[in-house]
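Okay, here's what each chain looks like letter by letter:
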Amino acid sequence: MAEETITIEVLRYLPEDGAEPVLQEYEVPLRADWVVLDALNHIKDHIDGTLSYRWSCRMGVCGSCGMMVNGEPVLTCAAFLTKFAPGPIRVEPLDHFPVVRDLVVEMTDFVDKIKHVKPWVIREEEKPLEEGEFKQTPAELSDFKAYTMCINCMLCYSACPVYGLEPGFTGPAALALAQRYNLDNRDEGNDERMELLSNDEGIWSCTMVGECSEACPKGVDPAGAIQRYKLAGAADWWKSLIMKKGR
Amino acid sequence: MAQEEIPQYDVLIVGGGGAGLRAAIAAYETDPSLKIAVISKVYPMRSHTVSAEGGAAAVIKPDDSLDDHCYDTISGADWMCDQDAVESFVNEAPNELLQLEHWGCPWSREADGSVAVRPFGGMKIKRTWYASDKTGFHMLHTLFQTSLKYDPIKRYDEWFVTKLLVEDGRCQGVVAIELATGRVESILAKSVILTTGGCGKIFPFTTNANIKNGDGMSLAYRAGIPLKDMEFIQYHPTGLPFTGILITEASRAEGGLLLNKDGYRYLQDYDLGKPEAKPVLRSMELGPRDRLSQAFVKEQEKGGTMEGEYGHYVHLDLRHLGEKVIDSKLPFVRELCAKYENIDPVTDLIPVRPVVHYMMGGISTDINAATSLAGVYSAGEAACVSINGANRLGSNSLTEILVFGARAGKAAAAFALEQGETSSGVQAQVDDERARLTKLMSGEGTESIAGLRKEMHDTMEEGAGIYRTKDSLAASGEKIRELQERVVNMKVTDASHTFNTELTAAIELTYMLDGAEAIIASALLRNESRGSHQRSDFPDRDDDDFLQHSLAYRQPGESPKIEYQPVTITRWPPGKREYGQQKGSA
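Chains as they are written, first to last, in the numbering used here: chain V, 1 to 247; chain D, 248 to 833.
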């Protein structure tokens, strides 16, 4: 009996052609343990060596292989083919990013935004190594731990309608990362980051649609992080108002 | 024609994983006026450090001692490591992990807020720092995020290095392809640090990511630097069948059991101790990885394993730990099992089998990460110092990337400060390299990349697996030689200059074949069994003839030349490796 197959429709785009993106169909074996990424690798190795996409760890932690699968942003290493049977399965580059080629998107804007939020421990005075570790109780750790789990896969940017309309928006992953440091008891950079992010391109752009948290494959909940950030931002604003009045 | 200015750096780091980023920061801190760049074929946070799970070893607790960490490492390595290197490593490990703590790494904690440690295989005391079971992920992201603070560290993300530029007896930079545009450029530097990781992808069944092709090993090898101890390849005992996804050793440290088809803890039959209800350090499931993987093969020969679609397997049982422990200590294990194997370790047994995991060997360096070629340094899995000898202990490699990454950064910075300007003579080499790459993209070849890769995989698994013989290695050696000749005739069908991943896959295949030939040639001449290198035809360790590192030198058109270099012994004379009983340090 012939092996069962499924159709993969891949959005192909090659800038050197000057042509519009086109959907190209490939037939691949429908195997129970194959994910969409395995199908792409099968195509690359045995059908069409020109198909371009990023991948690396195939275990959901390097963040390389995010794509739109049937219109949803997902990690293709964790998307079983059988879930989409009988197909076809449409695979496209992540929404809201310029396309470099085929399934490869331009991600420098994302990486710049990560840097923009100052994602490092900011301290007025460095603690010398000789003084040993900072104490941090399990409860203190759990206050920000979820926000450390972001793998920079950018699915949340593809899901975020605000980023789709306003590419200047700092965006879910970067804002959650800012909160990750703000809430870490080793960090003293809250005010510095608030100055950077309490504006129309920062936390106040988020309209709390919550699509980012739905798309996140790692349970980071960027929407929740931004909501907490807004509350802190509002409290800061009230504080500054009261301070002025008191003067 | 106006020539675009060629970028020139003092220190150029190839590879943006943990070792590379640590090296970059160390170089900066040595002298902030240095021009530093990190070049990587992927964005740094995609590097394979991200996949490391279990933890990073360093002595910090009062009941532990530096000598104990040394002894565990040396005996775990079957005395094949250099003891001066191990002592430096162990001494510097605590400060390196503390530094990462100060940089924000979310280490798991004790109730009092101090850093928590967990047990690990082959370690006699709990000394492994961990960030639940995603330690490498957290270390890499902490290093990457911290590196962003240093504006002078320039990054070349998604640039693929194809050649080291060597002129006047020293390395003066690299040639690389910018993936987004396909342009081939030289990037000059007074010193180059290779931190490109291992080459597990030489084998078909591996925990390694797609990017682990031994790029840096091959670049060094082609520049005349020897590869050291390449025959020592670590099989991790617990990989998921088909995907090769790693189930961390921490799962056994927390109390997970290895069971054969009858539910029997078969390790007790292989000189690894007696089964106890609670985990016992340096015993049974907490024995070293080489011994556990070898026990699997013996158990398979005895008929004790189960057979599935992807070969033989045994069971890892975590069920008795309960949901609470699994969720707090091993959440990633549960996630991986659910997402990739459709099972739940709280209620189900996990099928596992040994899987190629780590290269103990690599670019031969001294204790300061320097190679035999002036201006070239290396650290991390790409390098072989060596501290891992014939078998690396779990949780030493994450610490190694920090200790030797930092050492490499400092040494390369010091070297760069002493050098004059790079010489202009390298330009001819750059033109030659452009011509070579253009020819590779001509589409004229006939051999399939995937086809050649599969032939390499098959022969490496067949000839250079957990147990080897002279005959199996000789046959694989011939096959690899044949593939080296055929790979020249590879067909690259993609003529585009934009993100051409077929071109990079073709070059990666040539890198892997270089690693493969070094592995085979080194293994063929090592007529003994030591650590991960097991020769069925020479079952015993032979300190008289082989307490020596092998050094593989490239010889174009033929198998590499193998030379030997003595192992450095300081305070721990070669002894018997004993597991499964209480043992004081010798």
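Please note that a few of the clues may not be correct.
Stated by the list, open to error - Derived DEER-like restraints, expressed as beta-carbon distance ranges: (1) V:GLU16 - D:LEU313: 53 to 63 Å; (2) D:ARG683 - V:ALA32: 37 to 47 Å; (3) D:THR740 - V:GLY164: 33 to 43 Å.
Said to hold, decoys possible - Looking from chain V toward chain D, a few residues come up when the C-beta cut is under 8 Å (computed): (4) VAL121; (5) GLY168; (6) LYS239.
No wet-lab data here; the hints were simulated from the structure. Ideal placement from N, C-alpha and C gives every residue a C-beta, glycine not left out.
Hints and how they fare:
1. V:GLU16 - D:LEU313: 53 to 63 Å: The hint (53 to 63 Å, Cβ to Cβ) holds, given that GLU16 of chain V and LEU313 of chain D are roughly 58 Å apart.
2. D:ARG683 - V:ALA32: 37 to 47 Å: holds (43 Å)
3. D:THR740 - V:GLY164: 33 to 43 Å: Holds: the Cβ-Cβ distance is about 35 Å, inside 33 to 43 Å.
4. VAL121: holds (4 Å)
5. GLY168: Hint violated; GLY168 of chain V Cβ to chain D Cβ min 20 Å, cut 8 Å.
6. LYS239: Status violated, d = 26 Å.
Violated hints for the displayed structure, listed by number in ascending order: 5 and 6.
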